[in-house]
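2 protein chains.
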Amino acid sequence: MDKKSVAAPDFAAPLGTTNRSLPEQICDHIRELIIDGTLEAGTWLRERDLAQRLNVSRIPVREALPVLEAEGFVRMVPRRGAMVTTLTLREAENLYDIRESLEVLAARLAARQARHSPPVALLECLERGRAAAEAGDRHGVEAANAAFHGEILKLSDNPLLQSIMKPIKGRVRWLFHLLPSRDPHSQLLKHQELCDAIASGNPDLAAAVAYAQIVRTRESSLAVLRTLLPES
Amino acid sequence: MDKKSVAAPDFAAPLGTTNRSLPEQICDHIRELIIDGTLEAGTWLRERDLAQRLNVSRIPVREALPVLEAEGFVRMVPRRGAMVTTLTLREAENLYDIRESLEVLAARLAARQARHSPPVALLECLERGRAAAEAGDRHGVEAANAAFHGEILKLSDNPLLQSIMKPIKGRVRWLFHLLPSRDPHSQLLKHQELCDAIASGNPDLAAAVAYAQIVRTRESSLAVLRTLLPES
DNA sequence: GGTCGGCAGACTGTATACCAATGTTCCCCC
DNA sequence: GGGGGAACATTGGTATACAGTCTGCCGACC
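As given, the protein sequences belong to chains A and B, one line each in that order. Start counting the first sequence at 1331; every next residue gets the next number (the working numbering). Start counting the second sequence at 1331; every next residue gets the next number (the working numbering).
If you are wondering where the hints come from, they were derived from the structure by calculation, not from laboratory data. Honestly, I wouldn't trust all of these hints.
Note: identical chains are not told apart, hence a pair may lie in one copy or across any two.
As the list claims (entries may be wrong) - Here are the simulated EDC-like cross-link-like pairs (lysine to aspartate or glutamate), alpha carbons at most 16 angstroms apart as the crow flies:
no.	residue 1	residue 2
1	Lys-1484	Glu-1561
2	Lys-1499	Glu-1549
3	Lys-1496	Glu-1401
4	Lys-1499	Glu-1430
5	Lys-1496	Glu-1399
6	Lys-1484	Glu-1454
Given the structure is predicted, the values throughout are model-derived calculations rather than measurements.
Could you put together the complete structure from these sequences and hints?
Okay, structure coming up:
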């Protein structure tokens, strides 16, 4: 197997002077590099190397890598380092199994909450997505979609669910980056339908809609992924 | 608020010379101390203090604490340290929401797998629990119960689900430590029923049984917890 | 008497240097 | 060409140092 070293280019350390902790920034940075494909599967991440490139010491890097391992982006091998994992078809299926459970739960809880306070933020995301779609702004559409799902989660008002969904969302994004980008219009229709179901305040309806949508996405995505990913 | 410092006694560092990594051992050790109540809610965990007591340096402690935060056992405050969290009624409800989704999923997947290979390990756990119950070995019963749920998870054959359930299981144990211990006999009956449903190879049946059982447990547990835990 | 400001202490966040254990590579020798 | 072993690379873990910041307290001033 061809063991690549960590990619040389585009590693400039943008770690701005925010108030977020260094390990967190490092973690986010590496995660983005993996999701957008800059760091390919099989790449070894050496902590001293990363520390040097990012202009930090080993300690924050050492704290960032286990997080990425917990999220499934890298696999840590004792005394070897962290390797960017290969997404397999099996993992994609496992991921959809989880989503079918948890996103349905999120929709159900969101609908329950929506009875008390109407989901204005949800409608806002929808509108933002529509505007971006009409402007042909693919990036804006994706951002609005992510915000939409984030709002459902926030609406569900279950911090534990939110913390569990965080790694899931990262992996879903990773998967979707491998797929040809989907039609923004049908995406919007789906979100509109889900939004309506949640806004109706009927948990069972919202759950059913969310479930049906994920199953549909699952089938079409896996059909494509079967041609792209290794079995396991 | 009365800010307790880290408890002085029973902190002897038993960290054996296993091959498991130091942060992992530290994490497990502190988690047990929290679950069994040695470390009360509100206790501040100071990393230098912990490091000294456990006879390790600060670095492995620093890597263990974020894990415990992700699992919900402590809350880290920047530049203050980690505080043992207070379990609230809200969190208990959130936890049951998640379990209703994920344990049902686990049962469903396990039943699907059981069609190909009969769940002998599951039956074994059941038998072990029965033996422990007849011997009046409460600790053995609990261990067998934990093993039973672990086997379902293993049977479900979804590594992502297993990794997600890990923190959940810890919190469930934490919760159950607050409750008066349940009747081993009715526990066994429930597990027998769930085991049969899984062994039947019918995913929908297994899911329905698991769901019904969790809902039942939820109601009785929360009734007790309402008298024990703060609202939020 | 109450409130504001500053001082001291405590603790984390991060950096640096170091050693030990272990896995890898590659060269030399047979 | 293949096996053995030495040199190297890399992590796991420790010790130490220093800066930033938060807390709590004490005193001064209104």
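Query raised in the report: Which numbered hints does this structure break?
Result: 1 and 2
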